[in-house]
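Student: Residues per chain, in single letters:
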Amino acid sequence: MKITIERAALLKALNHVQSVVERRNTIPILSNVLLQAEGGKLSLSATDLDIEIVEELAADVIEEGGTTAPAHTLYDIVRKLPEGSQVQIAFGGDDPRLSLRAGRSEFALSCLPREDFPLLAAGDLPHQFSIAASALNRLIDKAKFAISTEETRYYLNGIYLHVTDGSNGGRMLRSVATDGHRLARVEFPAPAGSEGMPGVIVPRKTVLEISRLLESVEGEVEVAVSDAKIRFAVNGAVLTSKLIDGTFPEYSRVIPEGNDKVLSVNAKEFAQAVDRVSTISTEKSRAVKLNLGQDRLNLTVTNPESGNATEELLVDYSAEPIEIGFNARYLLDITSQLDSEVARFLLADSGAPTIVSDASDENALYVLMPMRV
Amino acid sequence: MTVDGTTSPGGLLCRQCLTLEPLSNTRRCTSCGSPRLIAHAELRTLTMAHVDCDAFYASVEKRDNPELADKPVIVGGSGKRGVVSTACYIARTYGVHSAQPMFKALQKCPDAVVLRPTMSKYSAVGKEIRERMRALTPMVEPLSIDEAFLDLSGTERLHGRTAAETIAAFAAEIERDLGLTVSVGLSYCKFLAKIASDLDKPRGFSVIGKAEATDFLAKQSVSIIYGVGKAFQKTLAQGGITTIGQIQKMDETVLAKKYGVMGLRLSRLAHGDDTRVVNPRSPMKSISNELTFRDDISSFDKLEKLLWQMCEKVSKRAKASHLAGETITLKLKTASFKTISRSRTLGSPTHMANRIFEHSADMLKKECNGTPYRLLGVGLANLCDADFADPPDLIDIDGTRRSQAERAMDKLRAKFGDDAIVKGRSSLN
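The listed protein sequences correspond, in order, to chains A and B.
Going by this note's numbering, the first residue of the first sequence is number 1, and it counts up by one from there.
Going by this note's numbering, the first residue of the second sequence is number 1, and it counts up by one from there.
Be a bit skeptical, because a hint or two may be false.
[What the hints assert, rightly or not] Restricting the straight-line Cα-Cα distance to at most 25 Å, the calculated cross-link-like pairs of lysine-lysine (DSS-like) are: (1) Lys127(B) to Lys205(A); (2) Lys305(B) to Lys365(B); (3) Lys365(B) to Lys242(A); (4) Lys333(B) to Lys285(B); (5) Lys127(B) to Lys201(B); (6) Lys285(B) to Lys316(B); (7) Lys305(B) to Lys242(A); (8) Lys366(B) to Lys305(B); (9) Lys313(B) to Lys201(B).
[Stated by the list, open to error] Sample of chain B residues at the chain A side, in silico, Cβ under 7 Å: (10) Asp70; (11) Gly347; (12) Leu394.
If you're looking for bench data, these hints aren't it; they were derived computationally from the structure.
Quick reminder that beta carbons are idealized off the backbone N, C-alpha and C, glycines included.
Produce the complete structure using the sequences and hints provided.
Tutor: Okay, structure coming up:
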């Protein structure tokens, strides 16, 4: 194998694939990236046995061939090369190592044979559809903060992606994530071909990888799904991932329907006020008390050790007064997902789940469990 | 100037009659003739004390049963897996020491009287001692049931005597009123006070002043520095460091580069520089329970049953202290003495036996691969106020219900006693 490739393109592809590679591996070859040069293209593959990513990019292929080399080392080298440099990569001949040259730098990296590199057998992926990258990005981005990290509830360790009747009619592709304290539900009109796909739980790591791939990407993403795997193809990169083998809970019963106390508040002012008063809270409690009266909201944090803080906001509220506590961090997580000016809260009582949404966006909804304060 | 008007910081204190005289070469107290004198050039200015009871459990047993007075007594587990908790000083002369397996101890001292520990008795005595310490100064930091740091600075005017006199009087009182002996270390910082109390055990009183601290430390092994365990000692030995003197000669930045934060600490402590203050409200850091089995266990089912009982104990203690923890830890020791620790941090703190069990059992399951274990432990760490424990969960409605049930059971137990209601899991045995 012998190729010449532009540093920036190589760096971008390596950046995508290296993040799939785990920092610590018991199987040595899983630390490596598979490099294959063929027909004017360099393809890079990496896997952790649950996720596989393959990215192809144009290269000046002088001699075809391939090998595997340490992914993180390779990435670090290319990252440190001067901008605009041309990178020569060669493998074969007398030296069993991969040679990498750029300008006056020269590296020789030990390799493992490409035949040993494990490939994820994708199997048949019967359900296929394409969706705008921006739409998929939104579905994922607005829900991912709510993914649980609790290992005993592994079925919550991802985003539940499924097609269902939308909250305002029509068939919708929906993403749902929850950790038991908050829940995010985002939807988008179901793309052609998605109807009939099984509801799948996309693991957290895959979600984060997809987010990276979709960063500043325009155009379409091809999605293919089976019961056990999901594949995303975008911009020359193909990411295939196993799905979480579990049943996502019946989340609709968690979303309250009769919450009749409506609070409208400027989302940004609210978030800033919550952030300010919670300065005084302890790392672990972070409870902020919301005291609602006619068109007025009082935020209070009391910390027996350091003191207390309070701030009053002018809001739109005309239901009966209510006092309710929330985890400040959860409130900030949710308000940072809102795009428009006005955040709308639907409350029932101080012990019941509260709905938060964007006043101008019907397609994203958040549920928040109150805290005892 | 010192409290009693003398300008010299030196002094000669008789531990028998508590007379304080100016420093001299006298071998016996001029008032009572006792040889139990402490002479030190900084005696009037040192205020940091470390008090440690001598062979605490064994001494309490001997006090309560005078027949044991002249016999070697070992307190500890008596089974074949038993370990020595405390050996009296007679037993120690045979080579018995704490943490030694009981069968080894009995090989060395076959005539020893072995007693199982009665924790309630020891903790009552420990409490009494602690109360007496608190009468001297509020700045008492207990390290365990039978030892504590006391910062006696600022008490000189209140008690009308130097810290050395105060603490010597305390030791004499404990001996007179409780029939137990203590060893005292007096210095200017915690690090050296603790080392000092160990120098002259039992019934000891050692003083390390600022002037001799560096020279004294130079001769000591690095192992006396807290935080230097077996592993770190090995690392240091690889770098050729075995004595504190060697560290004293090294540059602080070199040590920091090589050993990180620990290196900095080594450097400071090696020069007798310890700025830690006595913290009377040293908060509980974790709540845990562990058990060494009579016979090794590898079966998950058997371990799980024991785990549940331990979770209940941990939960009970957490609830009693109005605490909850965000991290659940599991500890296992294999038959070949390898310790396995696993921990899991939850999304919200808990003190419910149910939740502690759910997570620890899940971690335990992964370690049950046929390996025989000799010890199992479970704990709660990352503690916080119980007010924030076990918030209602959107998804886990069953779990929320189980927590409610547990709260209801706790109420019943509070009213009618621990056995009023038990889980099926803990009654089947």
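Student: Taking the hints in turn, state whether each one holds.
Tutor: Here is how each hint holds up against the structure:
1. Lys127(B) to Lys205(A): violated (52 Å)
2. Lys305(B) to Lys365(B): Distance of about 12 Å is within 25 Å: holds.
3. Lys365(B) to Lys242(A): holds (24 Å)
4. Lys333(B) to Lys285(B): holds (22 Å)
5. Lys127(B) to Lys201(B): Within the cut-off at roughly 22 Å; holds.
6. Lys285(B) to Lys316(B): Holds, because 16 Å separates the two Cα atoms, which is no more than 25 Å.
7. Lys305(B) to Lys242(A): violated (35 Å)
8. Lys366(B) to Lys305(B): Distance of about 16 Å is within 25 Å: holds.
9. Lys313(B) to Lys201(B): violated (36 Å)
10. Asp70: Not OK, violated: Asp70(B) not within 7 Å of chain A, min 53 Å.
11. Gly347: holds (5 Å)
12. Leu394: holds (5 Å)
Checked against the numbered hints given earlier, this structure breaks hints 1, 7, 9, 10; the rest are met.
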